[in-house]
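Per my numbering, residue 41 is the first one in the sequence shown, and the count goes up by one each step.
Just so you know, the hints here were simulated from the structure itself, not pulled from any lab data. Mixed in with the good hints there might be a few duds.
To be verified - Distance condition first, Cα-Cα at most 25 angstroms in a straight line; then the derived DMTMM-like pairs of lysine to aspartate or glutamate:
no., residue 1, residue 2
1, LYS160, GLU238
2, LYS575, GLU595
3, LYS423, ASP363
4, LYS384, GLU373
5, LYS305, GLU166
6, LYS388, GLU166
7, LYS369, GLU495
8, LYS376, GLU577
This structure is a prediction, so every number in the text was calculated from the model and none was measured.
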Amino acid sequence: MIVIKGATRLVFCAAMVLAAVPASARTDADARFEALSAREWAWRVEQHVADIDPRIIDPVLPDVSAPAQAARLAYWQGVRRELDTVDPARLSPATLVDYQVYRAQLDVLIAQQRFRDYEKPLTADESFWGGLAETARQSLTSEADYRNYIAQLQVFPRYFRDNIANMRAGAVRGFTPPRVTLTGREETIVSVATAAPEATVYYAPFKAMPAAFPPALQADLRAQGLAAIRDAVIPAHQQLLAFFRDDYVPHARTALAAEALPDGKAYYQSTIREFTTTDLTPAQIHAIGLREVARIQREMQAVMTEVGFTGDRAAFLAQLRTDPRFYAKTPEELLKDAAFIAKKVDGKIGDFVGHLPRQRFAIVPVPADIAPFYTSGRGGFGKYLVNTYDLPSRALYSLPALTLHESAPGHVFQGPLAMENKALPAYRRNYYISAYGEGWALYCETLGLEMGIYETPYERFGMLSYQNWRAARLVVDTGIHSQGWTRVQAQQYLAANTALSTHEIENEVDRYIAWPGQALSYYLGELAILDARHKAEAALGPRFNIRAFHDAVLELGSVPLPVLSARIDRFIAEGGKGPYPDEE
């Protein structure tokens with residue numbers, strides 16, 4: 041039997057939220073909006089539940105064919121027209137916030153379909169096939185999980201064929217990642233296409249199965265899984281490998297700029313709107329980046345003076361990149377240091393956040409097949425990934441900032457808090473807006489100063505380097521995609537202004553080239569949170585409570601930056617009262 045675990049739960053939770061609103065507080069406009077958004081959300085979940093909650097093992101991979109994509113665009117455009125008939129002035133205050141978040145989501149979904157983003161289902165470090173491999177790394181705990189997983193493996197050939205057709209259509213119109221960012225990326229395909237079924241990542245769930253499963257059931261599931269990998273998964277990867285090597289990469293575009301893509305200026309502006317939730321222009325963002333890089337450089341200089349370094353910044357950065365005391369000797373040492381920092385945060389976090397998530401997280405190495413092109417770390421639901429590949433590129437002085445960002449109180453903290461907040465409709469609990477999520481995680485790096493996480497001047501310099509890295513992204517991303525910057529020029533700018541290793545800089549620049557606009561979300565999001573905090577501190581004076589402020593930010597879920605700003609205005613108007621009863 042195939043069970044779609046989670047789809048019903050998500051829609052049911054949305055209905056529960058609607059039922060919880062007192063009838064007397066709701067308007068007719070509220071009812072119309074809530075019915076519309078609940079209907080569309082149920083349809084969105086039906087399209088592919090794992091896109092909503094990646095922890096769900098979905099037996100059905102979505103239909104990504106061109107006709108299905110056109111149908112999605114038409115559907116969302118119809119919903120948008122219906123949404124335009126709802127007068128926001130007639131919504132109750134709470135529903136107005138839902139409306140603002142939902143409208144922003146819908147606009148992003150429509151823009152992605154209109155520009156046919158599905159024809160470019162990969163970046164420099166992510167891909168449609170790599171996303172499928174993440175399912176294999178999850179913990180399967182029930183027979184239904186395994187049967188759903190096997191069913192998913194069996195439909196790989198259709199899913200890969202449709203994605204290849206989309207990529208081919210994108211290549212015809214010049215809508216591909218730049219060729220330089222695709223070099224070596226076929227290794228994640230090779231690792232499956234040329235392996236025995238038992239040696240692929242997809243066989244991992246069958247190696248250690250729940251002890252409660254009877255031996256006969258384990259044998260049956262293993263046999264079915266092995267057959268699905270042999271007959272569906274490996275052939276699909278073999279077809280993709282031939283296409284990728286012989287057709288896609290040779291015909292990928294050589295220009296770097298997003299503005300060089302079809303309808304490029306409009307496309308780049310749409311990615312800015314998606315990832316920053318603002319209408320800032322590339323030129324405005326570039327100027328903000330230059331200003332902030334100069335400001336942070338002055339703080340970095342102060343730390344250099346503190347440690348008694350008399351040379352220039354370039355010499356100091358060269359020392360940091362080469363001094364062996366700043367680098368782990370083994371992967372285990374790096375992982376243990378990350379775990380120690382995370383436990384230090386555990387001991388401090390209660391003084392800074394009142395309402396904590398129930399979900400815990402593990403610290404694990406980035407899988408070997410993706411590590412060479414992966415970031416230094418990445419956080420998600422229940423997992424903080426630490427890249428142990430090329431240890432001379434993984435500076436220990438940057439590890440505290442990385443850990444605060446990717447684990448608690450950053451990504452593995454904020455996401456679960458949103459999902460656990462039953463007061464939010466499902467389309468807010470299960471949706472990620474980069475400006476908010478990355479802005480919060482970057483803000484957490486600076487929060488580490490107040491928390492006492494940085495123990496040495498070098499660790500504070502590492503934090504400042506990370507701040508300058510994100511500020512420099514504003515310069516580099518807009519430079520590449522709207523001002524004609526070269527790859528080398530972008531690499532040199534990061535090398536001059538951050539303590540990142542050469543390996544990290546090369547990977548990061550390729551990421552920005554292949555994923556226009558995403559890098560802008562971090563620093564602009566952090567600035568919005570810092571501005572809101574400074575405003576609240578100035579207005580409330582001694583009544584300002586840091587725990588209540590952070591709870592007010594986190595209880596929103598993931599929202600556009602203007603919604604965050606409005607929430608803090610209300611926080612101030614209410615005298616700094618937090619969203620939870622025990623906060624004073």
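> Which of the stated hints cannot be reconciled with the structure, identified by number in ascending sequence?
Replying inline: 1, 3, 6 and 8
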